[in-house]
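There are 2 protein chains.
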Amino acid sequence: MKVISENRCFGGVQGVYAHESDATACEMTFGLFLPEEAREGPVPLLWYLSGLTCTHENAMVKAGAQGWAAEQGIALVFPDTSPRGEGVADHDDFDMGQGAGFYVNATEAPWAPHFRMWDYVAEDLPDLLARDFALDMERQAITGHSMGGHGALTLAMTYPERYRSVSAFAPICNPTRGDWGRKQLSAYLGEDEAAWRAHDASLLMAEKGFAGPVLVDQGGDDQFLDLLKPETLFEAAARRRQEGSFRIQKGYDHSYFFVSTFMEEHLGFHAEALYA
Amino acid sequence: MKVISENRCFGGVQGVYAHESDATACEMTFGLFLPEEAREGPVPLLWYLSGLTCTHENAMVKAGAQGWAAEQGIALVFPDTSPRGEGVADHDDFDMGQGAGFYVNATEAPWAPHFRMWDYVAEDLPDLLARDFALDMERQAITGHSMGGHGALTLAMTYPERYRSVSAFAPICNPTRGDWGRKQLSAYLGEDEAAWRAHDASLLMAEKGFAGPVLVDQGGDDQFLDLLKPETLFEAAARRRQEGSFRIQKGYDHSYFFVSTFMEEHLGFHAEALYA
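Line by line, the protein sequences are chains A and B.
According to the UniProt record's numbering, the residues represented by the first sequence are 1 to 276, in order.
According to the UniProt record's numbering, the residues represented by the second sequence are 1 to 276, in order.
Next up, chain A with everything else stripped away, as it sits in the complex (with noise of 0.2 Å):
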């Protein structure tokens, strides 16, 4: 693992990093908040997915959330949103290809030999976390926006044990049936649809849910409404009694405004449910 920078940051240490990832089979970069509990100890770790064309930086720099973990004593990781470099498969389209990797395995070319976001999220990066870092891996959240809110949800559903919380910022909802979606899972996944259902959230949702509790916030003003088709998850999650809040923000849109607005409210749901 190679040190790209540490900064001294409300108290503990933001920090980016790069390693060799087996999932990605390239150099993945991902960013790391500390705050200052994790010098006596473990800490436990909410993980932040970020939306398309985002790097591990976008969150790390405009989401305001540091100082907010460093008041409830939680560390952030914050990984990118695909694999990169020279040999790794591209699209000319910002949704698609490189920082927006969707969170699935591909199994198509050109992408099954580096896209495996799912794996790198839930299997790789968890790995070197826990051998390298002060965190307390029995005590996760995860929370995103946009493409990562989507990823944070079919995560969570996925391993119910693994996250004790799940939150979203403006989540694509339904990829099956919306153009965000439907053109990256028939790329990554192939067109037999059936492979697509682990990876939409209102499918999940009303399928299985999720065991704990459950926070989503849409701006009311968000350009991409249409896209991201909150309406099937928030129906499935109220038919399924599902707890949580699911609420639209009036006036907000997309961009990190909107999601550095909220932060707070996000972090301390997520603290309630980490500290239970």
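No lab work stands behind these hints: they were computed from the structure.
You may find that some hints are simply not true.
Chain copies aren't distinguished; within one or between two, either way the pair holds.
Each computed EDC-like pair below joins lysine to aspartate or glutamate, with the alpha-carbon atoms no more than 16 Å apart [claimed, not checked]:
(1) Lys250 with Glu36
(2) Lys2 with Glu108
(3) Lys250 with Glu6
(4) Lys62 with Asp93
(5) Lys2 with Glu27
(6) Lys250 with Glu86
(7) Lys208 with Asp93
(8) Lys62 with Glu36
(9) Lys208 with Glu40
(10) Lys2 with Asp90
(11) Lys208 with Asp90
(12) Lys183 with Glu264
(13) Lys208 with Asp92
(14) Lys208 with Asp222
The hints should help you fit chain B onto chain A, whose structure is shown.
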């Protein structure tokens, strides 16, 4: 004035606007955060001047200031750091030319036609803000980072009746004696060092000080400490018995991770003065 963007943010609006400036004779872009209270009537205004290489955008997305400004009902303005555009002089070094206006009115070629950031921040932009937005120009305060901390301190000491309080994050404190200063002041203002004195916070502090409270935070592990020379400002302030806090924050560097960590305290400091 052109509206570039407006995003809902902490109950208010984070806007970005562009306008033709008389001072710099080119189009200038600035960010303005208006808290919710501005819908009802004029609110106090805190200026945030940015550092080398920054545009209006860096602090707007990375300093984490809007949440605290919203809590205090204070507007924030984020000016650019220099004139820009095709007809504007530039330099290959990152610390000269575009992105490095140093908040002076240049008198030397090739800078004189556009590099008039002092007048831009002291006259041009305030006129526009007073005219077009719900701002109480009787209640202004000013802060900044690095080169912007230098601008904030020199403007505040020059216009003590305009700004009720001044703060700075890692300001350039003694530019007439350091490499961040001598190079630029000689290029922009010429070789006569007498003209430089009005742009040196330590000299101004020794000469006249500031009528209101001053807050300065400096990271103890700042990679640019030798260029910033906080010791000269701290000494001059102590000699003058200047009301204020002059702090070294152990372990912090020059980044926005440092700025965002202490932003809450700076907003609270200014709010106290603005609402006194």
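*Hints breached by this structure*: Structure breaks hints 2, 4, 6, 7, 8, 9, 10, 11, 12, 13, 14.
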